[in-house]
Every structure is written in C-alpha cells, then in structure tokens.
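J.: Sequence:
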Amino acid sequence: MMVLSTECLHSLAQQWTLDKELSQERDFRFYQGWLTLPVAFIGLFLNSFFVASVIRVVQEHRVSRKFYVLLLNRAAGDVLACLIHLPLVDM
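Numbering (this note's numbering), first residue to last: 1 to 91.
Derived by calculation from the structure, the hints in this document are not laboratory data. Check the hints yourself; a few may be wrong.
Computed spacing ranges between beta-carbons, pair by pair [what the hints assert, rightly or not]:
1) Trp-16 with Arg-56: 57 to 65 Å
2) Ala-52 with Gln-14: 49 to 57 Å
3) Tyr-68 with Leu-18: 51 to 59 Å
4) Asn-73 with Pro-38: 36 to 44 Å
5) Val-57 with Phe-28: 37 to 45 Å
6) Leu-18 with Ser-53: 49 to 57 Å
7) Ser-48 with Trp-16: 29 to 37 Å
8) Glu-21 with Arg-62: 50 to 58 Å
Every residue, glycine too, gets a C-beta built ideally from N, C-alpha and C.
Construct the complete structure from the given sequences, taking the supplied hints into account.
T.: This is the structure:
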C-alpha cells in the first residue's frame, strides 16, 4: 500500500496564506489608517473651529437659526466621525 504525504504542500500553502494576510494587513494599515490620520486631525480642527463659531453667531442672533442649526448638526457629525477614526487606526 502506497501512502502519499501532502505535508510539504500543506506547509507551503500555509506560509503563502500567512504572507498574503500580513501583506494585506500592512497595506490596509497604511492606506486606510496611517495615510488618512493627518486628514482626520485637520478635519477635526477645522470642524471644531466651525462649530464654535456657528454656536457663537447663532447665540448673537446674527444669522438664521434654522439654516445654521442644520449646518451645526452636520458639522457635529463630521467631528464625531473624525473622533471615531482616530482610535480605530490604532486597532
């Protein structure tokens, strides 16, 4: 009775799969994480500045409240998205 061993092929395939997964993880971290980090910081700073200025202008009754409250809602969502992005890059 002849028994064929496939351990050699199995270990090569396993190493290739591991290398592929590590390469994909490295690319994901670079292009989806670290590369977007400066943009997230800039967006956080600009949106925070915009939110603070809109709150001040609305409180002084210098602009239409309805329109600027909707803009404020959108900007608050953008700030939240920037804040959520920052810790997710390190995961």
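J.: Now look at each hint and say whether the structure bears it out.
T.: Consistency of the hints with the structure:
{"no.": "1", "hint": "Trp-16 with Arg-56: 57 to 65 Å", "verdict": "holds, 59 Å"}
{"no.": "2", "hint": "Ala-52 with Gln-14: 49 to 57 Å", "verdict": "holds, 54 Å"}
{"no.": "3", "hint": "Tyr-68 with Leu-18: 51 to 59 Å", "verdict": "holds, 53 Å"}
{"no.": "4", "hint": "Asn-73 with Pro-38: 36 to 44 Å", "verdict": "violated, 26 Å"}
{"no.": "5", "hint": "Val-57 with Phe-28: 37 to 45 Å", "verdict": "holds, 41 Å"}
{"no.": "6", "hint": "Leu-18 with Ser-53: 49 to 57 Å", "verdict": "holds, 51 Å"}
{"no.": "7", "hint": "Ser-48 with Trp-16: 29 to 37 Å", "verdict": "violated, 46 Å"}
{"no.": "8", "hint": "Glu-21 with Arg-62: 50 to 58 Å", "verdict": "holds, 56 Å"}
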